[in-house]
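There are 2 protein chains.
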Amino acid sequence: MKNINIGLIGFGTIGAGVAKILLENDKIISRRLGAQLELKKIADLDVTTDRGVKVPDGILTTEVNEVIGNPEIDIVIELIGGYEPARTFVERALNSRQSVVTANKALLAKFGNELFAAAKANGIDLYYEASVAGGIPIIKTLREALAGNRINSVCGILNGTCNYILTKMGDEGADFAEVLKSAQELGYAEADPTFDVEGIDTAHKLALLTALAFATEIDFAAIHVEGITNIKPVDFAFAREFGYKIKLLAIAKNEAGRIEARVHPTMIPKEHMLAKIDDVFNAVFVNADALGPSLYYGQGAGMMATASAVVGDLVDIARNLNSDNLRRIPDLSFQENQIKPGNYRPMSEISSQYYIRFSAHDKTSVLSRIAGILGSHNISIASVIQQGGGDGDAVTVPIVMQTHKALEKNLRAALDEIDQLDIIAAPTAVIRMESEL
Amino acid sequence: MKNINIGLIGFGTIGAGVAKILLENDKIISRRLGAQLELKKIADLDVTTDRGVKVPDGILTTEVNEVIGNPEIDIVIELIGGYEPARTFVERALNSRQSVVTANKALLAKFGNELFAAAKANGIDLYYEASVAGGIPIIKTLREALAGNRINSVCGILNGTCNYILTKMGDEGADFAEVLKSAQELGYAEADPTFDVEGIDTAHKLALLTALAFATEIDFAAIHVEGITNIKPVDFAFAREFGYKIKLLAIAKNEAGRIEARVHPTMIPKEHMLAKIDDVFNAVFVNADALGPSLYYGQGAGMMATASAVVGDLVDIARNLNSDNLRRIPDLSFQENQIKPGNYRPMSEISSQYYIRFSAHDKTSVLSRIAGILGSHNISIASVIQQGGGDGDAVTVPIVMQTHKALEKNLRAALDEIDQLDIIAAPTAVIRMESEL
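Just so you know, the sequences run in chain order A and B. Each number in my numbering corresponds to the 1-based position in the first sequence with 74 added. Each number in my numbering corresponds to the 1-based position in the second sequence with 74 added.
This is chain A alone, in the form it adopts within the complex:
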């Protein structure tokens, strides 16, 4: 077996983690692989900052072309993140017939179809285990281990920042803003947390999981995305009363070829494995026809966990290179000619159970008027929690309901009507409930 030479672009946190593994775990890796992974070059604009990892002299360069197109480099790792120049660099590496490993979900969610086509055209590998759920080997599991299964659904907690915030809000009854602030202080949330808390990062990852599971093109635009910024402490209290937890879930389902792909806060029964995933941890729950339910849990972000996934990919590609067997696994699990545009169910057509919290003026007639409107839209109520019960116009009380399964469009129509009522004090809050994951 020949040694495999690695070039790294982007010497940030994850890049430093990858360098650390390649330099410190080189012996244990070669004891498995039977060859050496040699870190030949690291390209970054900043070659002076100390990243806490000592790399051999002469490896660091500001010149990306010492990696891309360098015939001595077999595999290029892209860890700069974002769209540009990452996209250009990955394309150039692929077109130089260098295999690529990336952790860049934003890039793949938006440009994955064309990048994978370029990988295919050049007969090389583009691996991306680290792009979904950090160190958890969910891509390998879907592409390889579950190859005998028809996958019915893939649901995940894919953003550690959101899961940390929701866990703390639930445990401490604290406000979103307050918990976000402490998460930022602890380094669990970015200074600008928009991508995380608005669900966009989760949706990038779901776009990849959906394609992998259902043999569809990557289609970020088809994913319905809601973030966690509107959830109130009171919702956690009611969730607990119903026996549920609130999680930001990525949900992909396939019912007879009709695909649902959505990211939104979700109440799940507290006995469900996904309800038991706390703090910054990620997990992916897969329902497959033969295997049944399975769950994969670990750190979805962070220097070393993410680097672990990158190095796993390097070892796989090294094995492919050494046996002249690149393209061993199709990029998106299915042979390229099997991948079609997805047939997505519009959000208005999904059905779900719903948690609904009305802010009502405390009038005795409230409940019957709300229930009447819901009924007229074919929404049937499973249970109600009404606090207070006087007849004062000044007091606002929450009325909380759990519905049976209903169509989203019916729910929206009913709430549009209800929110016009003079007895309603504030826009009604809704959280979808899932008990069939």
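Some hints here could point you the wrong way.
The list that follows gives simulated cross-link-like pairs (lysine-lysine, DSS-like), each with its CA atoms no further than 27 Å apart [stated by the list, open to error]: (1) B/LYS194 with A/LYS344; (2) B/LYS344 with A/LYS242; (3) B/LYS306 with A/LYS101; (4) A/LYS344 with B/LYS242; (5) B/LYS242 with B/LYS414; (6) B/LYS114 with B/LYS242; (7) A/LYS76 with B/LYS114; (8) A/LYS76 with B/LYS194; (9) B/LYS344 with A/LYS344; (10) B/LYS76 with A/LYS194; (11) B/LYS194 with A/LYS350; (12) A/LYS479 with A/LYS344; (13) A/LYS242 with B/LYS350; (14) B/LYS350 with B/LYS306; (15) A/LYS350 with B/LYS242.
Hints are computed from structural coordinates only; laboratory data are not their basis.
Fit chain B to the supplied structure of chain A, relying on the hints for placement.
Quick look at chain B alone, frame taken from chain A:
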């Protein structure tokens, strides 16, 4: 890509599951693989019983040699279980240069070293994902996804029967015998449950995980094994009071080259992911230097889940065959020349926290005498629960303690001494507590 021909030996429950997947999911498999997996022959002594799966005419045979050594069969699946004739059949298939897939942990735990040597000598693959934790892809994860990591520990709930019994005993406060009986009625326990409840099945699986994680030969005899038959309902009640759950854990740890491999009932903090695995489900918890903690959860037994793992192996080997790349992954994760006999720590030298339940005559002096003996053996008490407290000789009361970390041999010496005391009414019960998994 050419089609790959499969021969199955053993048409029992799992065998029927494999046939079902190969026949019913053939299209989705070939859409991933780019080739067909063709089930050519099924050998079983009983070719008349209806297994609930319709196989094509002419496939069933009582003649095992229509599978083994048949040049038309590329991969042989062994699903008869047990040592013989499974061992002979697997050996003959390997020596006929047919790759083999097996779910037989007993066989591999005892004869794995020589069978893998035969696979290597013949240049073919012997895959065994289904032999540990059923459908959970833990072998693939350890051999491939975590290739960049040094693995510190692997701990698992690997026997669904035991986990079902322990879950029910904990939930319902019922006796072992009582719950076993209901498990047998539900089909969750065998008529003769010895292999399961005595921890032997779990130890077979741990023997494989230990070798995979730590580059050691498979050594079933090195594993300390205790079953679950002595746990009493009262132990669950005290565990709850301490904030712990009781699970039958398989534990493999590597501290600077010194290996611990043991199977025994274990109290684990209720917040730990392994404490959250209920009923017949299995899970494996891995602690690795880069990835950190990760967990893999699913059905550890059963027709279709186990068959899913078998078919995952078939697809992998088919890819290897089609690219002339058998032996892509070393059998036990490490290159063969890296595998050494394990350096095992004897049980007497392990250290652990302990839950100890004394059955004492209710005398005021009891606690001080017990504590004195524990102290003289360097065992320090973290907390005590003593119920009752009178001075009647006739009454037996439990005294329950949680110790700080102590050496097993010190604990055993102390208990030998304590159990001789006239104030002790019955042998003392001990359950190890693990909070550092």
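Verification of the supplied hints:
no.: 1; hint: B/LYS194 with A/LYS344; in the structure: violated, 48 Å
no.: 2; hint: B/LYS344 with A/LYS242; in the structure: holds, 18 Å
no.: 3; hint: B/LYS306 with A/LYS101; in the structure: violated, 47 Å
no.: 4; hint: A/LYS344 with B/LYS242; in the structure: holds, 18 Å
no.: 5; hint: B/LYS242 with B/LYS414; in the structure: violated, 41 Å
no.: 6; hint: B/LYS114 with B/LYS242; in the structure: violated, 43 Å
no.: 7; hint: A/LYS76 with B/LYS114; in the structure: violated, 38 Å
no.: 8; hint: A/LYS76 with B/LYS194; in the structure: holds, 20 Å
no.: 9; hint: B/LYS344 with A/LYS344; in the structure: holds, 15 Å
no.: 10; hint: B/LYS76 with A/LYS194; in the structure: holds, 20 Å
no.: 11; hint: B/LYS194 with A/LYS350; in the structure: violated, 42 Å
no.: 12; hint: A/LYS479 with A/LYS344; in the structure: holds, 19 Å
no.: 13; hint: A/LYS242 with B/LYS350; in the structure: holds, 20 Å
no.: 14; hint: B/LYS350 with B/LYS306; in the structure: holds, 20 Å
no.: 15; hint: A/LYS350 with B/LYS242; in the structure: holds, 19 Å
Checked against the numbered hints given earlier, this structure breaks hints 1, 3, 5, 6, 7, 11; the rest are met.
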